[in-house]
Amino acid sequence: MTRTKTLSRRSFGRLLAAGPMIPQTLSRDEELRAAHQRRVSTAETLARFQVPMATEPASVFRP
Amino acid sequence: MTDDLHYAPISELAGLLKTRKMSSLELTRACLARLEKLGPQYNAVATLMAKPAEKQAKEADDLFKRDRVRSPLQGIPYGAKDLLAAAGIPTTWGAAPYKSQVFDYDSTVVKRLQKTGAVLVAKLAMIELAGGGGYRYPSASLFGPCKNPWNPGHWAGGSSSGSGAAVSAAMVPFAIGSETWGSILTPASYCGITGLRPTYGLVSRYGAMALSWTMDKIGPLCRSAEDCGLVLKEIAGKDSQDPASSGKSFYYPIEYGRPLTELRIGYHPIDFGDRAAESARPAFAAALDVFRKLGPRLVEMALPVMPYREVAGTIIQAEGSSIFEPLIRGPKFDEMPDERQKAGLRAGLEMPARDYLQAMRVRRLVQEELRKVFTRVDLILSPATPSPASGIDEALDRRPTPGEKLAQRGNTDLGAAGNLAGLPAICLPCGFSTTSLPVALQLVGRPFDELTLVTIGREFQKQTDWHRRRPPV
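Residue numbers (the numbering used here), protein chains in the order written: chain A, 1 to 63; chain B, 1 to 473.
The following block holds chain A by itself, in its conformation from the complex (with noise of 0.2 Å):
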């Protein structure tokens, strides 16, 4: 498994500056990677934002 740092909110708007990749056209299979991809920058850009230990998921939504 990859080890991801957390960033600051500072560094973390910089990242999340660069914006995506945005891919060209692709066959299905190279669509399907794409989507995998695409998939695992966003987990790892979540990755690197910091939230509290103590902080439970939003499992029982309300507003």
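Just so you know, these hints were derived from the structure itself, not from any lab. Idealized CB from N, CA, C, for every residue including glycine. Accuracy of the hints is not assured; some may be wrong.
[Said to hold, decoys possible] Now the stretches of chain B that chain A is said to cover, found in silico as 3 or more residues with beta-carbon under 8 Å:
1. 285-298
2. 340-349
[To be verified] Cβ-Cβ distance ranges computed for the label pairs, FRET-style:
3. B:Lys332 <-> A:His36: 18 to 26 Å
4. B:Thr434 <-> A:Arg28: 36 to 44 Å
5. A:Met53 <-> B:Val69: 53 to 61 Å
6. B:Met301 <-> A:Glu56: 53 to 61 Å
7. B:Lys462 <-> A:Ser41: 40 to 48 Å
8. B:Arg264 <-> A:Val51: 23 to 31 Å
9. B:Lys462 <-> A:Glu30: 47 to 55 Å
10. A:Arg33 <-> B:Glu12: 30 to 38 Å
11. B:Pro282 <-> A:His36: 40 to 48 Å
12. A:Thr55 <-> B:Lys238: 28 to 36 Å
Knowing the structure of chain A, use the given hints to seat chain B on it.
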């Protein structure tokens, strides 16, 4: 029937029906004729419901003859996004694998509207499966790309595409759409109409296709804020068949709305400048001036920097792929045309639990941050979409986002943030781009504060006439 009547607001039509200057049957037949003529031109209609609609219209007329008026919607025709079940009528979810799907029950929203006497004239086109996998083209629909009545070379927006186009081209006085992330506000903005996304849990989703259990909302697309209020009043309310139902109702006596001078509206200038399409900036600037003159205090603010889009995308992908797993693993999946959408749904099945949980934990923080924001302001104002409608063949994931490389984000992520926190929003047409396409603003409020949104929307629309403009159909 004259064009003026086709474009009349609900309150005016209700008055004509009540005083029997016009019958519901006449109005219904006029809408059916327009849907039949214009629907195929714009790929806006899924199913026309002529016979049941005429029957419902006659029942409404019978009530009017006996001076019985159940609601301002009695006898008013409407269309429903094709993800809402209506007994005995095809409900395709906009997707080829479900083209023959028929439910034997009504969704709660359809049932509630039926009780008010409103007349369901058509099921309206939508993006397949409400676009949960992340589609690339407007053609990701069983009905083809839904064209924009203001310019058929452009898209009507999604995923409530037909609802947006049908109201804009006056095929129906109002329509019902749904939003998980942008699906009411985008078509409303692109088509130059008013759309209201209710607070999560205010309107029952029973009988509606699920894309994301924790983010799906159902709401109206209308000609005005006032009409949105009238429709929301009838469709909101407790429903034991929807586990997310809040049990709350929406009351719409406009006099209970807060005075505008008491309101603080948060906004960020960059949203109306560098982070908006150049062609839309003059209209956004003029609309901001109208808000200043309405009386509320405009306060400069920006949302805290958080990964709103990543959280929303992860949650929708995980929940959507789980919901559609039997389809994704089955033989009919390939009947859907958009490769990006299918790949997104397939990839969602591989998402580890830790990613979903991380997203839901960050979502909790998003809710907390937004709660703090709403102690400083009552509403947040920004463009509903930073750019006007995209081209009908344009790849949506390759469309440049204005100012995307700027570090300063303003309130660019308001759509994702508002949907994550389940907050209500209203989309108000506010002019046209220099390329002659509609542009609109969004106002986001506190949970269950739809009355303030409708009140301020109504006041804005008293000062402007963008919502009364008619496309060249």
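So, going through the hints one by one against the coordinates:
1. 285-298: violated (count 0)
2. 340-349: That given contact holds, which follows from 7 residues of the stretch 340-349 of chain B lying within Cβ reach (below 8 Å) of chain A.
3. B:Lys332 <-> A:His36: 18 to 26 Å: About 23 Å separates the Cβ atoms of B:Lys332 and A:His36, which means 18 to 26 Å holds.
4. B:Thr434 <-> A:Arg28: 36 to 44 Å: Given a distance of about 39 Å, which is inside 36 to 44 Å, the answer is holds.
5. A:Met53 <-> B:Val69: 53 to 61 Å: Cβ of A:Met53 to Cβ of B:Val69: about 58 Å, so the range 53 to 61 Å holds.
6. B:Met301 <-> A:Glu56: 53 to 61 Å: Given a distance of about 28 Å, which is not inside 53 to 61 Å, the answer is violated.
7. B:Lys462 <-> A:Ser41: 40 to 48 Å: Between B:Lys462 and A:Ser41, where Cβ atoms are some 47 Å apart, the hint holds.
8. B:Arg264 <-> A:Val51: 23 to 31 Å: The hint (23 to 31 Å, Cβ to Cβ) holds, given that B:Arg264 and A:Val51 are roughly 30 Å apart.
9. B:Lys462 <-> A:Glu30: 47 to 55 Å: 53 Å, holds
10. A:Arg33 <-> B:Glu12: 30 to 38 Å: 55 Å, violated
11. B:Pro282 <-> A:His36: 40 to 48 Å: Given range 40 to 48 Å: holds, Cβ gap about 42 Å.
12. A:Thr55 <-> B:Lys238: 28 to 36 Å: 30 Å, holds
Checked against the numbered hints given earlier, the structure breaks hints 1, 6, 10 and satisfies all the rest.
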